[in-house]
Amino acid sequence: MLNLKIRVLVPVVLCIFSAFTLTIDPSPITSALSHFSSDYPQEKVHLQLDKNYALPGDTMYFKAYVVNAEKNQPSGISNILYVDIINSRNEIDRTLRYKIEDGFAQGMVDMPDTLVAGRYTLRAYTNWMKNFSANLFFKTELRVDDVSPNAKTPPQPVPNPKHDLRFFPEGGNLTDKLNTTVAFKAVGSDGRGEEVSGTITDETGVVVAPIKSLFAGMGRFQFNPVMAHQYVASVKYKDGSTQKAALPRVQPAGYALAVNNLEKDYIGIKVTQNAVAGASNIVLVAQCNGKLLQTADITLLDNQGTLAIPRKKLPTGIIQFTIFDSALKPLAERLVFNDRHDQLKMNVTVAQVGSDATWHKVTISAMDNLLNPAMANFSISITKKVDGLDTGPPSILADLLLTSDLRGTIEDADHYFADQLPQTIEALDNLMLTQGWRRFVWADILSGNYPILTYAAENNLTLSGTVTTPGDKPVAGAKISLLSKGGAALHLDTVANASGRFNFNLPTIFETQQFAVVATAPSGKGDLKVMIDRNPPPAYIPEGLLYTALLPMWKPTVKDLYGPYTGIKGRLLSEVKIKGQKIQTARQKALAPSSNYNGAGFADQVLTYKDLPNCRDLEQCLQGRLTGVYLKPVFDPSVGGYKMVPFSGMGMGKPMLVVIDGIEQELGSAALRKVPGTDVQSVEVLRTGANVTSYGMRGSGGVIVITTKHGGIDYENLNDLPAQPTKGGVFTRYNGYQLSREFYAPTFAQAKQNVLTAGPTLFWKPVLKTDEEGKASLEFFTGGYTGKFTIIVEGLGDDGKIGYKRIDQ
Amino acid sequence: MRTVIAFMLVFCMQFAMAQQHLTGTVTDERGEPLPGASVFIANTQTGTATNSQGVYTLTAIPVGEFKLVVTFIGFDPQVKTLNSAALPAELNFKLQPIHQELDAVTITAKNKNTWAKWGETFTREFIGRSAFAAGCSIANPNLISFTYNDDAKTLGATASAPIIINNEALGYVINVTLVDFKLNINTNEVDYLVYPLFKELTGGPNQQAEWEQNRLKAYSLSFMRFNRSLYAGKLKEDGYEVRLLKAKPNTEKQRVQDIYQKKYAFYTDSLKDNPATLKQLNKVAEKDFIKDSLKYYKKVLAQANKTYELGEPLKADNIIKRKDGATSLLHFDGELQAIYKKIKEPDEYYKYRYEIIGPSDINGSAPVQQQPKEYPLTQLTLEKGIPVEINESGYIKNVDLYIHGFWGWWEKLATKLPYDYQP
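In order, the protein sequences belong to chains A and B.
With the first letter of the first sequence counted as 1, position 733 gets the number 733 in the numbering used here; the numbers rise by one all the way through.
With the first letter of the second sequence counted as 1, position 388 gets the number 1388 in the numbering used here; the numbers rise by one all the way through.
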């Protein structure tokens, strides 16, 4: 008989009961966290766009979901949404404002016909979000192409010449003799994650672990690091090139925090340390979006302790596990994605109505996790489906649950929600290890370093500024009046506070409005300087290349998407018909808002902003530019030197009347100084008979009509408020909310007449609510289009549960 | 290459997932081991059979209180109430054979009260009338015997072995140990005590998906989920609106009656010879009160003496108190009304309400054919005013809890899910 020796593994049970251990009082942690979550509530923004590409002159439609981060319920914090359009040089082209109502906003962005083709970025945020990291703003790439014959080649992103390979030990560090999982991310020369394989060796070349990426260049391996060694990874990229990269140094002492996130019912946590023998206590804290979920004491016996947390006790989302020592110093940290599969279950079906192949009915049904009908607020886009244009912005599901809490660009974020296969769960866990981001740093909030709140949560439009003497001393009690120019007469008064600050709460204003802000000293005497606050958008710093950066431009497909087009700046004939708009030249457009009594452009001479490049000082740059006009220097003590007064050769010695945005300036005053040259949109000179007469006697010396810039045009620099102070008062352009048109959905008859041949968006509806039965439906027409289409439905239930469904048909 | 982190998980402290086990021997009255005896935890999927030495071992013990049931053909079932916090090292059972005399009595009764006569009534009350009941069948109806008491109009049922129910709608085979079943035909009240053991059926992926869906639907409407929600303090979040229903005297009617009484007292002297009847009084009143008041008074006098008033929506904290780590006590005065506001009542219940018992007796209005469907509504009463225990799994010690309304109708074996079910 063989004498079999059976080795029995006896599990050592480390179940420690708090009754006989010294527990750590976690109250400083919990109180710091509750202070953070109550005083610094986090907002998130997600946008569903009708599409993520455009031609110049095109219109983008969107629905914005502005939610609180904790529950994804409509946020009550902010009522104004900002949308930045950022060009391929990473400069902010335009900043648009939209009104948020009950956490939802809808609107559109007109892409100017002067837009240069290339890669644009659309970014959305609230003023409150500016207090925190700009990494957490919503952003998505927009591709703009120009199909006109003389289109310039769009600037291509500069490829990152180097491969990049980085390592992220689980818990933060590699510690001597502590078996650790290490995640890595390999980035190819195109800036996207790239699949690699290779080995980890020590300095002598001994292989300690093979490595192979799983998804998007990310992968993991496990090994037992020893301090005496230095570890190097050697990997091979798909282009055959190889790279060697050193792993982080092995620390002599410390903790390892290992999480098993691959089990169905629970999250396993194991803490090991290498320094101390005997028992020691640590405390584990779990939080999600600022909400404390759990604190637990763990006693380490023989340098290790474990814990299992049932998933049902944790919400869906990114959960941050941190271990602290008895002095409440954070030791190690790990982000884990917990998926309870408790978001809305969506059913979207599309069926042809009757015998007509172009008439379709879409039925949506939404259910909660227990299959009860769910009332929810959805948006829906139906677009022509074209291969190669599939990589859109992340869905509301991936965005609110994942990308809004991670750093960098998440490639193909929706992949992680596509199925529940073990490799998908592991790929998501790799993402947590490599691209995790924290909205706060524990060490900071525990030592009382909370974020500085510079930006107010905005409930309504405001205009604020400071009143000072010409010597920059604040004038307390100065009376400030705000007067609107044009259409809606608005007159508001306020008084500056002790530090000369004033603030106007404005009513709902759409588009660009012109205001005069005039200050009077309490004494009624003396000149005052008014400085309007600027609230410029935060600079855009791209985090590596965005996901569509190097996809081929899509010119060949434009024809499929847009149908016939005119060739002029990609404008579409049929679209023009629909909108009933005239094609305006840039010059006509620039002149349109002029207040010239004769009509815009009816003048002896016209200059536009294009004729005045880099013009700061209008007095200087108009010098010698105006035919038959000379600028005469006149000494003026109030400006501390000479001012330039315009005279016409035919004016018989009478100064020309300067009209700024319709307001006539005092004859012979320093009117040309009132407007910074960069703010001028057009200058019209009226000198001769018929042109002058409409201004009467005041204009008998000739007239200069100056119009300042308005929104909606591709100005180089579009910070909406001028910073330059003006004596006694200031003219300012104020960008109100953007106006929106409804998406034009044709009727059956119109569709039959083939009116709808243009445009890639077949249907767009920003608000579609499901009823008590959880159902909603709509009908749409494909007109002359017979190809495949994509339906994307996104939305939020009353309780903050997310609904998302995409179907291709 | 995929590396899977493998390490020993230890379950402890507040995250405890009881990884305990229970063992013992089952013998007959003489101490002889009974191999093949069924040992299970009531209302769960945890069950086993004794081995050839009569020894059983159970793992996956639920947290908190539970009932351990031992059955063997020809023997009376035994039930022990246990708590996971204090499990005995060994738990032995000595089963007693079913008394022969008693059996003989049952047999005689069975002759008159057969399945053919009572099967339909029994099935309706035992399995229920929900949509899922159509997918259920009793595999061994011939084991069930009935006793009918014509005076009390009560139907009783007993079974000589566990009743086997195939629930094709939810995908379970349920082994039901029937302890007591009593139906009052007049009042339509049913009392029964059963110890079911659940076993999942296996099917193809489509079949499995359908079962999963149906289980979710059954769970959503279940009393078990209400109890879980109550225990977790998430009533509002989970869609329940719970209020106390208080009976109040109709003070306005009393006031009007007083006014009439005074009038009556005033006129009794002048009407001495003609004792005042209500008719006379009305006649008097007609003269004395102005028209509008009279109309109003008449309306008030037609009202009931008591009105029912709904209290404000309650939070779980208002009606439960934590007893220990895994148990809470539900306690309230009077009647508790619970409405589940996530989904309207099932078609079958809607029909039942209007065809069999008439409209909800709270509003008291006459049945109208086109009444809209309502949210499922249940009234709960503590029969003896004693608090009842509920625990995290949704288990409720419901012997003293009277359930009237939707859950009384719904909670039958066709919709029953094991307490270890998780959505």
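Derived by calculation from the structure, the hints in this document are not laboratory data.
Don't take every hint at face value.
Here are the computed lysine-lysine pairs in the BS3-like style, where the Cα-Cα straight-line distance is at most 27 angstroms [claimed, not checked]:
1. A:K775 with B:K1351
2. B:K1323 with A:K313
3. B:K1298 with B:K1262
4. B:K1315 with A:K71
5. A:K312 with B:K1253
6. B:K1373 with B:K1384
7. B:K1323 with A:K769
8. B:K1351 with A:K313
9. A:K238 with A:K291
10. B:K1315 with B:K1384
11. A:K775 with B:K1236
Status of each hint after checking the structure:
Pair hint K775 (chain A) plus K1351 (chain B) holds up; C-alpha atoms about 23 angstroms apart against a cutoff of 27 angstroms. With a C-alpha separation of about 20 angstroms, the suggested pairing of K1323 (chain B) with K313 (chain A) holds against the 27 angstroms cut-off. Note on K1298 (chain B) and K1262 (chain B): the hinted pairing holds, with a Cα-Cα distance of about 16 angstroms set against a maximum of 27 angstroms. Between K1315 (chain B) and K71 (chain A) the CA atoms are separated by roughly 20 angstroms; this keeps the pair inside 27 angstroms, and the hint holds.
Of the supplied pair hints, the one linking K312 (chain A) and K1253 (chain B) is violated, its CA atoms being roughly 53 angstroms apart against a limit of 27 angstroms. With a CA separation close to 33 angstroms, the supplied pair K1373 (chain B) and K1384 (chain B) exceeds the 27 angstroms bound. Our distance criterion of 27 angstroms between C-alpha atoms is broken by K1323 (chain B) and K769 (chain A), whose separation comes to about 44 angstroms. Proximity of K1351 (chain B) to K313 (chain A) is assessed by CA-CA distance (about 39 angstroms); at most 27 angstroms being required, the pair is judged violated.
Pair hint K238 (chain A) plus K291 (chain A) does not hold up; C-alpha atoms about 43 angstroms apart against a cutoff of 27 angstroms. Using a Cα cut-off of 27 angstroms, the hinted pair K1315 (chain B) and K1384 (chain B) holds, with the two alpha carbons roughly 23 angstroms apart. Note on K775 (chain A) and K1236 (chain B): the hinted pairing holds, with a Cα-Cα distance of about 23 angstroms set against a maximum of 27 angstroms.
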